[in-house]
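Residue numbers (our numbering), protein chains in the order written: chain W, 1 to 537; chain V, 1 to 226.
The hints are simulated quantities; they were obtained by calculation from the structure and are not laboratory data.
Check each hint, because a few of them may be wrong.
[Claimed, not checked] Example chain V residues on the side facing chain W (calculated, C-beta under 7 Å, incomplete):
| # | residue |
| --- | --- |
| 1 | 52 |
| 2 | 55 |
| 3 | 63 |
| 4 | 180 |
[Stated by the list, open to error] Simulated crosslink set (DSSO-like; lysine-lysine; CA at most 30 Å straight-line):
| # | chain 1 | residue 1 | chain 2 | residue 2 |
| --- | --- | --- | --- | --- |
| 5 | W | 53 | W | 254 |
| 6 | V | 130 | W | 435 |
| 7 | V | 163 | W | 483 |
[Unchecked claim] Computed footprint of chain W on chain V; a stretch qualifies when at least three of its residues, placed anywhere within it, have a C-beta under 8 Å from a C-beta of chain W:
| # | stretch |
| --- | --- |
| 8 | 70–79 |
| 9 | 82–88 |
| 10 | 161–175 |
We treat Cβ as the ideally placed atom computed from N, Cα and C, and that holds for glycine.
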Amino acid sequence: MKNGFLSIILHAHLPYVRHPEHDSFFEENWLFEAITECYVPLIRVLDRLHEDKVNYRLTLSLSPPLLTMLRDELLIERYLRRLKQQVELAEKEIVRTRNLPEYRKLARLYRRFFLNTRDIFQSRYGCDLLSAFKKHHAAGNLELITTAATHGFLPALSVSETAVRNQIDIGIGVFKSHFGFAPTGFWLPECAYYTGLEILLAEARVRYFFVDTHAVLNASSQARNGVYAPLDCGNGVLAFGRDPDSSRQVWSAKEGYPGDADYREYYSDIGFDLDLDYIAPYILDGKTRVNTGIKYHRITGGDMPKEIYRPEPALTKAKQHAQDFIEKQQQHIKRLSTGMDRPPIIVAPYDAELFGHWWFEGPAWLEQVLRLANDNAYDVQTVSCGDYLKLNLSHQAATPSASTWGDEGYSSFWINEENDWIYPYLHQAEEEMEKLASDLHGLAVNSLQKRALNQAARSILLAQASDWPFIMKSGTTRDYARKRITSHLARFNYLHDSIRKNAINERYLLALEMMDNIFPGVDFRDFNPAGKPARNR
Amino acid sequence: MTSLTQNANANSLLAPAEMLRISEEINRRFSPLVSVKSMRSAKPVTLTSTELLEISADISRKFAPVLNDSTPKVVLLPVDPENLYLAWHLGRSETASTMIGKPESKPGAQDIVLRIFPEPGENNTSPSMKPWFDVNIEPSKNRTHVRVPEEFEATGYTAVLGKRDEDGRLTVFATSNVAQTPRPIGTLYDPETGEYVSNLTALSASSSRRELEPNIIRHGSGQGAN
Numbered sequence: 001m002k003n004g005f006l007s008i009i010l011h012a013h014l015p016y017v018r019h020p021e022h023d024s025f026f027e028e029n030w031l032f033e034a035i036t037e038c039y040v041p042l043i044r045v046l047d048r049l050h051e052d053k054v055n056y057r058l059t060l061s062l063s064p065p066l067l068t069m070l071r072d073e074l075l076i077e078r079y080l081r082r083l084k085q086q087v088e089l090a091e092k093e094i095v096r097t098r099n100l101p102e103y104r105k106l107a108r109l110y111r112r113f114f115l116n117t118r119d120i121f122q123s124r125y126g127c128d129l130l131s132a133f134k135k136h137h138a139a140g141n142l143e144l145i146t147t148a149a150t151h152g153f154l155p156a157l158s159v160s161e162t163a164v165r166n167q168i169d170i171g172i173g174v175f176k177s178h179f180g181f182a183p184t185g186f187w188l189p190e191c192a193y194y195t196g197l198e199i200l201l202a203e204a205r206v207r208y209f210f211v212d213t214h215a216v217l218n219a220s221s222q223a224r225n226g227v228y229a230p231l232d233c234g235n236g237v238l239a240f241g242r243d244p245d246s247s248r249q250v251w252s253a254k255e256g257y258p259g260d261a262d263y264r265e266y267y268s269d270i271g272f273d274l275d276l277d278y279i280a281p282y283i284l285d286g287k288t289r290v291n292t293g294i295k296y297h298r299i300t301g302g303d304m305p306k307e308i309y310r311p312e313p314a315l316t317k318a319k320q321h322a323q324d325f326i327e328k329q330q331q332h333i334k335r336l337s338t339g340m341d342r343p344p345i346i347v348a349p350y351d352a353e354l355f356g357h358w359w360f361e362g363p364a365w366l367e368q369v370l371r372l373a374n375d376n377a378y379d380v381q382t383v384s385c386g387d388y389l390k391l392n393l394s395h396q397a398a399t400p401s402a403s404t405w406g407d408e409g410y411s412s413f414w415i416n417e418e419n420d421w422i423y424p425y426l427h428q429a430e431e432e433m434e435k436l437a438s439d440l441h442g443l444a445v446n447s448l449q450k451r452a453l454n455q456a457a458r459s460i461l462l463a464q465a466s467d468w469p470f471i472m473k474s475g476t477t478r479d480y481a482r483k484r485i486t487s488h489l490a491r492f493n494y495l496h497d498s499i500r501k502n503a504i505n506e507r508y509l510l511a512l513e514m515m516d517n518i519f520p521g522v523d524f525r526d527f528n529p530a531g532k533p534a535r536n537r
Numbered sequence: 001m002t003s004l005t006q007n008a009n010a011n012s013l014l015a016p017a018e019m020l021r022i023s024e025e026i027n028r029r030f031s032p033l034v035s036v037k038s039m040r041s042a043k044p045v046t047l048t049s050t051e052l053l054e055i056s057a058d059i060s061r062k063f064a065p066v067l068n069d070s071t072p073k074v075v076l077l078p079v080d081p082e083n084l085y086l087a088w089h090l091g092r093s094e095t096a097s098t099m100i101g102k103p104e105s106k107p108g109a110q111d112i113v114l115r116i117f118p119e120p121g122e123n124n125t126s127p128s129m130k131p132w133f134d135v136n137i138e139p140s141k142n143r144t145h146v147r148v149p150e151e152f153e154a155t156g157y158t159a160v161l162g163k164r165d166e167d168g169r170l171t172v173f174a175t176s177n178v179a180q181t182p183r184p185i186g187t188l189y190d191p192e193t194g195e196y197v198s199n200l201t202a203l204s205a206s207s208s209r210r211e212l213e214p215n216i217i218r219h220g221s222g223q224g225a226n
């Protein structure tokens, strides 16, 4: 047995972006880009490791909106259409760059990349990426966990215990419906913890969750082992703290690996760089420039003009960085293990979308990290936190401090002057939904009423996503975030009014069911605070 | 006979149009929700994207979120160890009476305030201090951020929304939830060195998470305002 453990967690989440009311929609590209650049490359890595019989453990958190979108027929059809366009564009680029050998080499690389993506997505996994993750879970390499129903920012919803309970239970319910088993661990959206949350997690039979470093360091009693051993929240639910060093090595734009000059430059994309006439068929509605996924330059560094991207040195650099990462973890474990009464565990969580999308070489880095950890030359063993529980150690009892992994470590990114107007509306809608469910307690409803009530519940959940306040603060697609939250609240208001007046327009209800078709198993009665708390237990 | 007489009297008191209005109002507001049979017809197969868009726009236009201000309410959320977020509404009657009374009030008198009480905890306020602090609010606003005075820093707070008279007494309109705040920065045990050190360093390291803008949704501008 090795002296210490490394637990890498990838958290994959996108808001629910599905717009059947439009023939094409910009924000759906978030999903398409993530499939091509993150999820398929990750599966490519897992497949290779499996073929090479590499013994590794990795944790993947898949959010309920993402799980739903990855099995949505409309989005899959649109994704394939987009992928076809990307292959076509790469072929066009091979012709356009015929007198630019280095560019042409990259154009060919992109063509192979898109074709291989299509092969994996369509042929190997039948347009069902969840089956790939399930396969690697069954093989014993991948621990799968999930998060809250719509990635709600739980501290801001906590004025209603029912709201938080539903976010947790419905999230777990979606996961179970796709994978057939309950997750052991739970990813708190934005790593946002508040005192008492562990009670609801225990009710949902969650065994562990993650918090940021300072949540453990400011725990209710001094954390004897820092963030290198979990805390028992007092009810058997364990909180694992993020290791600051391994986070910095990957996250930091200044010190982190992804900022290396040899790596591909994310912001150099032909969707923005080439003539509009040429690129028009491959951007949004032929007018709005968007990323095409074809990028020819490397980061280069400083104020230098961007140089051509060279895949081989970039791949070599990724391997070097992987080695550096593993060596650092090994040194860290060696130092830690002398002062601890148990094997230390280094918890390294990252957004899955960092790997491949923002950091093109990220999947190669991850693959090499997992290969090196499998090597006996390194005294680091990859585990999931679920594996760590099986050591049956007793853990220090303490509750973490309220915290998030966002800027400044608390709630200010999600509750500030840019976005705080949403909370009175969210709280009011939740209260009205709970009142409705409570009023109907013990009463039968007809099928149309039931459909409307369940749809009202979906509207509430979709309005609660943490993405909307995040986007409002970060200021990228602020109008879209505002539009989404007000639309979901308006849809809730409409349904609430229709139900109260017993004047449900089935055509309107059907339209809402078609547009917001998430959570097929939602039950409005779960919004009754006095009702049975959860269906998924 | 009595009832007939009463009905005759009622008919003479109410005009037909008025009776119709009352009848419609009662039907609208008090129709039995669960006993009415389903109005469901055969489920339409589908709707076109244009129809979806029209329905979506219609709902957004007619049912835009509006805050219900019928009863006073206050909600408190902790933002960080030193800052609180408060959202409230006064309720219709309180808003009206406050607005009417306002011009005649002396400065500082009859103010609408949020009175914030630190919850009993490990860092209680000193006995000589008032056990609360007040935040004046403008009736036209419905939310604010409050920095907790240093001497009041506690592990949790509640807020009361009310009208303060000249003697500082409060007529309470609403009481908030209890909000637990994050623990203040302390020290940590470093198992590598065996020493307790300030965890400010660790905090600054952890806050680097957003440096890379590491989420796929952070770029571009879209057609979000459709």
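| said: Hint residue 52(V) vs chain W: min CB-CB distance below 7 Å? | reply: At about 4 Å, which falls below the 7 Å cut-off, the nearest Cβ of chain W leaves the hint on residue 52(V) intact, so it holds.
- Query: With a Cβ-Cβ cutoff of 8 Å, does the stretch 70–79 of chain V contain at least three residues near chain W?
  - Reply: holds (count 4)
- Count the residues of the stretch 82–88 of chain V whose CB lies closer than 8 Å to any CB of chain W, then report whether that count reaches three. With 3 residues close enough to chain W, the hint holds.
Query - Agreement of hint residue 180(V) with chain W interface, Cβ distance less than 7 Å - result: 5 Å, holds
- Are there three or more residues in the stretch 161–175 of chain V whose C-beta lies within less than 8 Å of some C-beta in chain W? violated (count 0)
* To do: Please work out if residue 130(V) and residue 435(W) have their alpha carbons no farther apart than 30 Å.
  => Distance ~38 Å between residue 130(V) and residue 435(W) Cα, so the pair is violated.
Task: Hinted contact residue 63(V) with chain W - closest CB pair below 7 Å - done: Interface hint status for residue 63(V): holds (4 Å vs cutoff 7 Å).
- Quickly compare the C-alpha distance for residue 53(W) and residue 254(W) to 30 Å and report which way the hint goes. Answer violated: residue 53(W) to residue 254(W) is near 35 Å, above 30 Å.
message: Run the distance test for residue 163(V) versus residue 483(W): straight-line Cα separation, threshold 30 Å.
response: The hint is violated at about 36 Å.
Worksheet entry | Per-residue hint verdict: residue 55(V), partner chain W, C-beta under 7 Å | It holds, given that the least Cβ distance between residue 55(V) and chain W is near 4 Å, below 7 Å.
In this structure, the hints that do not hold are numbers 5, 6, 7 and 10, in rising order.
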